[in-house]
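Participant: Chains as they are written, first to last, in our numbering: chain A, 314 to 636; chain B, 528 to 745.
Keep in mind the hints are simulated off the structure, nothing from the lab. One thing to keep in mind: the hints can contain errors.
A short list of chain A residues far from chain B (calculated; beta carbon distances all over 10 angstroms) [what the hints assert, rightly or not]:
id, residue
1, Y351
2, M400
3, L423
4, L439
5, L539
6, V593
7, A596
8, L601
9, V617
10, L636
Okay, the calculated bits of chain B under chain A, using three or more residues with CB under 8 angstroms as the criterion [said to hold, decoys possible]:
id, segment
11, 571-581
12, 645-655
Think of the CB as a built atom: it goes at the ideal place given N, C-alpha and C, for glycine as much as any other residue.
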Amino acid sequence: MQTAWGWPIAIYLFLGGMGAGALLIAATFEFSGKRYQYDFCPTALVGATVPGPLLILGTLLLIFDLGAGRREPWRILYMYTHFSSVMTWGVWLLTLFIPVALIYGFLEILDAFPATRQWLKSRRWLRWTAFLWNLPLRQTKRIFAGVGAVLAIGVATYTGILISAVGPAIPFWSTWVLPFIPIPMLPVLFLVSAISTGLGLTVDLAATLALGSVEQRLKSLPWIHLALIGAETLLLGMMLITALMAGGSAAKSAQEIIAGSYAIVFWFLIVLPGFIFPFVVHAYAIGLGRHSPVSGVGSGMGIVISGLFLRYLILISGIPAAL
Amino acid sequence: MLATISRRRFLGLTAAAGVVAALGLPLLRKEASSAEERPKARYALIIDTTKCTGCGACIEACRQRNKLPEGLSYIRRIVKGNERNPWFLMVQCQHCANPPCATVCPTHATYRREDGVVLIDPRLCVGCKYCMQACPYQARIFDEKRGVADKCWLCLPWVLGGGLPACVEACIPGARIFGRADDPQSEVAQLIASGRAKPLHPEFGTEPSILFYIIQEE
């Protein structure tokens, strides 16, 4: 098992994925027009406002985990210049994503609560911003939503590329999509999981808590969740099978996950809350025709917790190649 | 020394100056390294596992010369074979021609000299540990005091001065052979040419260029 990266990195990977996923959901609501079907849309509000702070928190965790870079923070500037490193891509993505997400969130607040607009406009010390208030709010917001969505796909995917780029050193992390397709599985799995956790946060949790029920917002929600859970099961299952077939350290990692020292984390903190429970709840909701608040909040929390432990499990189960 | 200067000056520097430093330091360093070096030496360190007794003298000598804390060394001992007939694999930085540690390093801290020695510039390291993850030989350790990655540097100042790496000097059964691979008369060049000394795990694709191993076929 690798010991260089632990909880701070796992939490960062999770926050980065969920933040990116939430912003993708908000942008989808924005561009599909669903955002404007109701007076108040908690999904778009949470999906736009939360990613910036989440990614700031994640970035602070990354800096906290550095050695010399934490004590001498100007060294972080060196990380912008070495483009062969996936970590350098990540530093650039975070640098671009965080301000775009913060601005998008700010504009969404202005749009959702016109009172804040009036209040800010009437501040004397903000008089110099007068020219900004002439900009068309929704069009400006859409630009940031669009740029943010592109960057979000980058953020969600790169976390998987970062881990898989260590190649033969930790074979499990670079397990291929299929034994004969030399594309690493982790970026794909992390992207799907990012969308899943983002949906869990913005719709299951936020919309249910704010509105009491969720189905009026997104009638197809149970179906989308079933599809995402199905895709994640398929991807994770294929990754474990491919790793088992590859033998060596990759197979050992997969064995530890399925039936070894990480089996409890895998079955009880990932599969049960993030796969089985939401699957049952959403299938039930389809049969029943509606969601109860408890099932909405429950499945949202389960999916979010499972996303966190998935990142942790993948990190901790990386076994270095045997020499 | 340089670290303290940059720390002192930092107060007066802007972020732009930091970026200039990030771009400029590696450039300065490359010039310096190519100017000081004699024409293209190629070193080789061959470990004969058939002679190695696993005593660990190299591990301790490395620790002392590099002033590493108790229990840390650039060399790691791996016990191979079975209980009745064990043998020992001493692993340290292989000084790869295609070093993944340098590829994944987000700064320019890890670099490969023209003579093949892979070095870390501790002034540029941020301590992200990505290189430790990417090294398939697990040859890197972390210097908690300075917060930077660290590894075998082939005792370069000693070698450039005509001396030997500490591990070679300390090896009791003479299982470590050091020399210049670019001199065809040298023992190391002949061992490599004959195919007896081979890179460890060439399937990793990192092309170890200085360390070679003589391993008894099982």
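Participant: If any of the earlier hints don't hold here, list their numbers in rising order.
Facilitator: 2, 10, 11
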